[in-house]
Structure formats: structure tokens, C-alpha cells
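Can you make the complete structure from the sequences, with help from the hints?
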Amino acid sequence: MKLVLLILGLLIASTSAQIRTKGGTLIAKEGESLTLRCEVEDPSVAIIWRKNTEVVAVDDEILDTYGGYEISMEGSTSVLTIKRVEPINSANYSCALAEPEVSVTFVIKVQVKPLVVISPDTGVYHARVGEKNLVITCHVKEGNPKPGVVWTKQAAKLPEDIKREHGGARIVITEVKKHHAGKYNCLAENIAGSDRATIDIHVAEPLQGEREGRPGPPQLSFDESELTWTVRAFDKILEYQLCHRLENADHFLPEDCNSVRVKKSDNNGDDKWTHTIDLSTFLEHGNKYHVQLKARNALGWGSMAKDALHVELQRIEKEEAKGASIISIISSILVTLVTMYLLF
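All the letters of the sequence shown, read from the start, carry residue numbers -17 to -1, 1 to 327 under mature numbering (1 follows the signal peptide of the UniProt record, and there is no 0).
Don't read these hints as lab results, they were simulated from the structure. Careful: at least some of the hints might be erroneous.
To be verified - Below are the SDA-like pairs computed for lysine to any residue, each with C-alpha atoms no more than 25 Å apart in a straight line:
id	residue 1	residue 2
1	K96	A11
2	K12	R179
3	K115	K92
4	K219	H109
5	K92	K146
6	K129	K115
7	K219	R179
8	K129	R215
9	K96	K115
10	K136	K160
11	K92	D178
12	K146	D183
13	K129	G151
14	K136	N173
15	K219	D178
16	K161	R244
17	K271	S242
In C-alpha cells, the structure reads:
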């Protein structure tokens, strides 16, 4: 009897630990290959690979044919290879047995090299002495872990009168002077690598007789669906440019910027230009956006507002409710008329 119990105990032990490999956390760099190995005691049992909850492969068959995977067996070890690691591969990969239901998990963390763009994205920015609140932002589009951002000036120290905001990603020149001219580098760096973008600021003296240069940064306000802005400029404003992006987007794309025509009513003869538009013409209801704006006169484009405006257009429910109420009233009136007709 003791011998039977001993044999049963050995059988139970062998079926409860059929995966020899231990899981863990693996660090991978974007663009490299990564191999996951899962050694089992009984290779005749079906081996299932999953990415989170999605089945990637079963035994030697790849089910996710678009994921860039390869699968093979090396003796009693199932080998899953990610041929080119992408950020989307940051996930939990598990090796599981169909019978008994046991598994091990590999936590994949993908290191992604930074990618940066500068706004404004003109490459060369033409400023004038005396221009107010010139804002230049370094947008980090990609990068894991989160990159650090540093602004430098080529062949010179970054001027002390330049303010750094948003963790160093944005620089603000309160009033442009001649010594601000030069090339500025935005450097983003993490353990996976670095990326750099450059903007060249040209500074010219004001034109003769010019009281102000290009338009100053707009003051933005939002009420329900209406966006209102005020820009200061002595020279006639020729055009506005409205840019928008979804709240979780990193920067404003050229295709998301729209030209807005100037109206005669925008200016009353002073240096203030005020304009109002209905944002429902450009944005979808129910989404959250960041909105920016700049103005142009004969001297060129002015700077954008110091901060993007957060807006959300509420879904149209009142009109639908009003329509439904009208239909209900009409239906009630028709029922009443029919009832009166039948009675009389």
C-alpha cells in the first residue's frame, strides 16, 4: 500500500511541474530581435504562446501572422522569436500547456529611442528685436523610458534670460534681443539612444518707423463651442492659423491647422484684433482637444499663444431631446383629435 501511495505521489509531482523554465522580466531594444524559451518536461503536450490574452502560436504553428514571430522546437524547448521588436511588443508573453493548465509569464519591456520635433517647425525662425514672448517647444513623440530633454545653443551658452518650462522641454524668450540669434538644439536622451532637432533663430532690427513687429501671442478663451481670441498688432492682421490636436497627441500636425480669414469687425482702429469662431466647424463633439493659434501680418507670423487651450465640445443632446419632445407633443395632439372625432 505504501508503495502504491509513493508511486501516486511521484506521478502527481511530475504532472504539476511540467514547465521547467521560470518566467521573468526581459528588457529589449526597439529594432532588435528577442527570443523567448520555454522548456517543458513532456514535449508531446500542446504548448500555447500568448501575448497578454491573445494566442500567438500553438506548438509549431504561428497564429498571429502579422506579429513578426517565428516558432520552433529545440528538443523539449519551445522557442518563440520576435524578429524585430517594436514598442507594441511591450506586453506579457506567456508559455502555457494545454494539459495540465500551467504557464509561465515573461514581462517584455521595450526600450524606445527618442524622437523629437520642434514647434514652430519652420527650421528657421525670423524674429525681430523687441518681439514679445517667443515660445519654442521640443515635442518628444516617442521614447521609453521617458527621455530627458535639454536645450542648448550652438557655439555659445544658453542665454540666461531664456526661461525653461515644462520640465525643460519649452523655452520662452520674453523679449527678443540681438544676442538671442543663433542655432538652438533640443536633445532628448534615454537608455535606448538620443535624438536631436535644431531651430535657427534669425534676429533683425525693427523696420524704420515700426512701432511693433509681428503679431503678439494671442489670448484665447472658450465658451461652449465658441473660441475667441485677441491679438495685439499695429500692422494689419492678414490671416489667422488655428491648429488643433487630440488631448493625447504629442504635437500639432500641418494637416490639423486651418486658415481663418480676418473680418473687418476684428479691429476698431487700435492695436487689438478680436475674432470669434464656432469650433464645431473644425472639431468633433465629445472629444477633448488642445487648440493653438497664431496671426500673420506683413512682417510674418507671430508667436503662438503661450499655452494651448484645452477644449471639449459637449455631445449634442439638447436638440435631440427637444426634437423628441416636439414629436411627443404632436402625437398627443393627434391622439386627442382622433378621440374627439370618434366621440362626436
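Structure-based check of each hint:
no. : hint         : verdict
1   : K96 to A11   : holds, 12 Å
2   : K12 to R179  : holds, 19 Å
3   : K115 to K92  : violated, 44 Å
4   : K219 to H109 : holds, 19 Å
5   : K92 to K146  : violated, 35 Å
6   : K129 to K115 : violated, 32 Å
7   : K219 to R179 : violated, 37 Å
8   : K129 to R215 : violated, 38 Å
9   : K96 to K115  : violated, 35 Å
10  : K136 to K160 : holds, 15 Å
11  : K92 to D178  : holds, 20 Å
12  : K146 to D183 : holds, 18 Å
13  : K129 to G151 : holds, 13 Å
14  : K136 to N173 : holds, 21 Å
15  : K219 to D178 : violated, 40 Å
16  : K161 to R244 : violated, 33 Å
17  : K271 to S242 : holds, 21 Å
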